[in-house]
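Enquirer: Chains as they are written, first to last, in our numbering: chain A, 995 to 1260; chain B, 3 to 373; chain C, 436 to 614.
None of these hints come from the bench; they were simulated from the model.
Predicted model, so just to flag it, every value in this text is computed and none were measured.
Any given hint could turn out to be false.
Label pairs and their computed distance ranges (CB to CB) [said to hold, decoys possible]:
no.: 1; chain 1: C; residue 1: L483; chain 2: B; residue 2: K324; range: 43 to 53 Å
no.: 2; chain 1: C; residue 1: L502; chain 2: B; residue 2: L343; range: 54 to 64 Å
no.: 3; chain 1: C; residue 1: A470; chain 2: B; residue 2: I140; range: 50 to 60 Å
no.: 4; chain 1: A; residue 1: F1247; chain 2: B; residue 2: E368; range: 48 to 58 Å
no.: 5; chain 1: B; residue 1: I140; chain 2: A; residue 2: L1103; range: 46 to 56 Å
no.: 6; chain 1: B; residue 1: I144; chain 2: A; residue 2: S1011; range: 23 to 33 Å
Restricting the straight-line Cα-Cα distance to at most 25 Å, the calculated cross-link-like pairs of lysine to any residue (SDA-like) are [claimed, not checked]:
no.: 7; chain 1: A; residue 1: K1017; chain 2: B; residue 2: V135
no.: 8; chain 1: C; residue 1: K516; chain 2: C; residue 2: A534
no.: 9; chain 1: B; residue 1: K81; chain 2: B; residue 2: L13
no.: 10; chain 1: B; residue 1: K125; chain 2: A; residue 2: I1055
For the chain C half of the interface with chain A, some residues (derived, Cβ under 8 Å), not all of them [to be verified]:
no.: 11; residue: W468
no.: 12; residue: F487
no.: 13; residue: L540
Backbone N, C-alpha and C fix where the C-beta goes; we use that ideal spot for every residue, glycine too.
Given next are the chains, with one letter for each unit.
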Amino acid sequence: MSSGEPNVIAKLIDWLSKTQVAKAIFRTGIPRNRRQRMTVMLNNVFLHLHPVRLPKHAVKIKYTWCMGGLSFFIFLVLTVTGILLMFYYRPTVEYAYGDVMDLKEQVPLGIMREIHRWGAHLMVITVWLHMFRVFMTGSYKPPREFNWIIGVILLVLTMLMSFTGYLLPWDQLAIWAITVGSNMAGATPFVGAAGPGSNLLALGDVNFITSASDARFAMLGGRFVGEGALLRFYVLHCIGLPFVIMIFMIVHFWRVRKDGGISGPV
Amino acid sequence: MDQFKHLINILARPYIMFPAMIAAFFFVFPPTEGLMKINRRLGLYKLWTNKGGVAIFSFMIASFAFGLTDENFRLIVTKPDNVPIVGLIFLVVFFLWLAMKQGWDNDARQAKGLKPNEAEDAKENILVWPDLVYIELIALVIVSALLIFWAVSLHAPLEQPANPTVSPNPSKAPWYFLGLQEMLVYFDPWIAGVLFPTVIMLGFMAIPFIDNNRKGLGYYTFNERKMAISIFLFLWLILWIFLIVTGTFLRGPNWNFFGPFEYWDIHKLEALTNINLSEMIYMIFLQKQMPSNILLREIWGILLVVGYFTLTPLILAKTLFKDIFKSLGPLRYSVFIILLLLATSLPIKMFLRWIFNIKYIIAIPEFFLNI
Amino acid sequence: MSQPTQTDSKNTSAENSPMMNRRTFLKWSTIGWAAFAAVVGGYGTMVLRYLFPNVLFEPKQEFRAGLPTEYQIGEVSERWKDAFGTWIIRDQEKIYALATICTHLGCTPNWMPNEAKFKCPCHGSGFYSTGINFEGPAPRPLERYRIFLADDGEIVVDKTKKFQQEKGEWSDPESFISV
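If we strip away everything but chain A, and leave its shape as in the complex, we get:
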């Protein structure tokens, strides 16, 4: 190894970091000393998610398993790949299946759907393991009760995201999984046509809760899994649920900091 080479690179980086452009972007410069390492955390909006200092156990991977952070990262991956997939996908019964085929056959880098789908599976797993870790370290105990609730909601939303995405390829797997899932909604007590108590909401002979006016219909936009369901699930998957999940994520991260950072022994 030549001894001169690293010096050249180091000098180049050094020089670059002193240019006006670099100074304008990174206010701190290269974090070399203790003071700079602290200010870089404070000055950068993304790094500011973290505190400046942490007790040592909190960064040990055998304590945190890194699952919460990975869930967030996979969420970002899914957002990016999802946006890219939307360029080629049309949510209609006529086109959906063919478009998904084309994503593999006709589009360069035909693994975008694979990354999206496997990433979705992985996110469900990491979210579960994150919950498992939080439980095993007792981190839901006061003062973090509220954030545990937010976490449960996020877990449910993750699964709903995955479920709504399941319909979009419009293949046999999709339509029957959603048929079964939506028929469960039809069995909701009182507001589902096939649920207990549905005949109670009636005026004389006229039932208010029928297969065209119950919870299942609101979900599917029709009496069976068809055009309406595909569009509704598409909108929920791409806009509705991500919007909700983002709001809860913001609260979740905020409360991690406000409730005293990552849990630790008192």
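Take the given structure of chain A and dock chains B and C to it, following the hints.
Expert: Leaving out everything else, chains B and C in the frame of chain A:
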């Protein structure tokens, strides 16, 4: 060899495997002091040492390797959509081991009067830049690499175009909902598909408010929270993860049950002829005509269900859960016990189905109300 | 309504001469919040109603199924399963139309001629050729559609009207054709 596989197929039958797992569970994760003693005497805690971990994983890998030599097993396990569940099994077992190992380590330290390992670490403060951000960066790179490798090597499944008139056989929900689908075999959709998910969600949210044990915050432990951990693991491992694994690998055509080495025969005949509790009582025991009045007909089942949710909590509060009742107080205890009884109603209904072929305890199809 | 003294109110402090007394305040705040709740509730109901369109575009619900002589006694005909989701079954005295929708969660059962039963692939419900459930989780029998003979003698199946056994509707003359 074939006889060995046949034996495994028999052992994998739900009415053998499930009770065995539940029985073993409470020795491996003892909720009470008495079971803890048995655990120690049997040396089961040694699972949570390095040697134990090696043993667990060698066993799992060996089982999988052996299974893969079998055509039927290979066919199911290597289906693209089932690969995440294979990963899930290994990940869950690994992290379970990791958590329990650290828990038992800390318990041993506390028995000696020392503080948990995390407390030792926490004495020192470190800077997030670079110590944490670099860990995060490495984790991201590894996961990205894994994801890309996975995406390149396995195609995302795409079956035939949707056809509303032909259900594939078997038709499965997405794997993370297979626990619910399994419940649907034993309960009507309004219970398994609506009531249970809602209760599971609310029940999980209620955990911090039910568990009033202030110990064990911020470090791994088992001994200080054994009841809480045991119940949680029972719900999560047995009633959720295990049902998912069952639903993925052992449920075949017509939703029949198949052993891991069994061929998925569409024409496998399994008598699933079930009978309602009311029919059983009137037609078999009393040898009478069913009463035409619905309430009279179903009174036995109604009494049973109401009794289950009112008498059992009272009895348990006086006996097995005496200490819990004392520490939780009436309100917390009521919430806790109702949630727990709802959860245990699933295995109870399973056993009733397997042993007595009970279909419904209360059967009022006139109002879609079946329990 | 109260009568605040308007001349004083500008000069004196609020404590001495309140613009409103407690009762008036409570009254107006109640009215205000009730109005607010009514508006939110109204919008909520409208959004809920928005989810149920007035016009539905669904495939035709009525179809012609050929002459009764095309069906043999004891046969479960799968001729119209794919196109219209209906089995036409003829037994000794009648012809009836069964919906291909499992009463458990809406999957399509398969007819298994050897075992003489419908078997649902999703959760294992089984039905006899009459539609009566006898195994698995299905809570009630399959539904039958309205069926009648057109003027030219052809069978017509009308899927908009269903007949459920547990409600005693299978004896309804519209639910079968006597042959």
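Enquirer: Confirm or reject each hint.
Expert: Cross-check of the supplied hints:
Between L483(C) and K324(B) the CB atoms are about 48 Å apart, so this pair conforms to the stated range of 43 to 53 Å. Hint check: L502(C) to L343(B), Cβ distance near 59 Å, so the stated range 54 to 64 Å holds. At roughly 58 Å, the beta-carbon separation of A470(C) and I140(B) lies within the given 50 to 60 Å, and the hint holds. Distance hint check: the CB atoms of F1247(A) and E368(B) are about 51 Å apart, consistent with the given range 48 to 58 Å.
Remark: the range hint 46 to 56 Å for I140(B) to L1103(A) is contradicted by a beta-carbon distance near 25 Å. Checked against the hint of 23 to 33 Å, the C-beta distance between I144(B) and S1011(A) comes to roughly 28 Å, which is consistent with it. Distance hint between K1017(A) and V135(B) is fulfilled; the C-alpha atoms sit about 21 Å from each other, no more than 25 Å. Annotation: proposed proximity of K516(C) to A534(C) holds, straight-line Cα distance about 9 Å (limit 25 Å).
For the hint linking K81(B) to L13(B), the alpha-carbon distance of about 24 Å falls within 25 Å, and the restraint holds. With a C-alpha separation of about 17 Å, the suggested pair K125(B) and I1055(A) falls inside the 25 Å cut-off, and the hint holds. The beta carbon of W468(C) is not positioned within 8 Å of any beta carbon in chain A (closest approach about 26 Å), and the interface hint is therefore violated. Because the beta carbon of F487(C) sits about 6 Å from the nearest beta carbon in chain A, less than 8 Å, this interface hint is met.
Satisfaction of the interface hint for L540(C) is found here, the shortest Cβ-Cβ separation to chain A being roughly 4 Å, below the 8 Å cut-off.
In summary, the structure is inconsistent with hints 5, 11 from the numbered list given earlier, while agreeing with the others.
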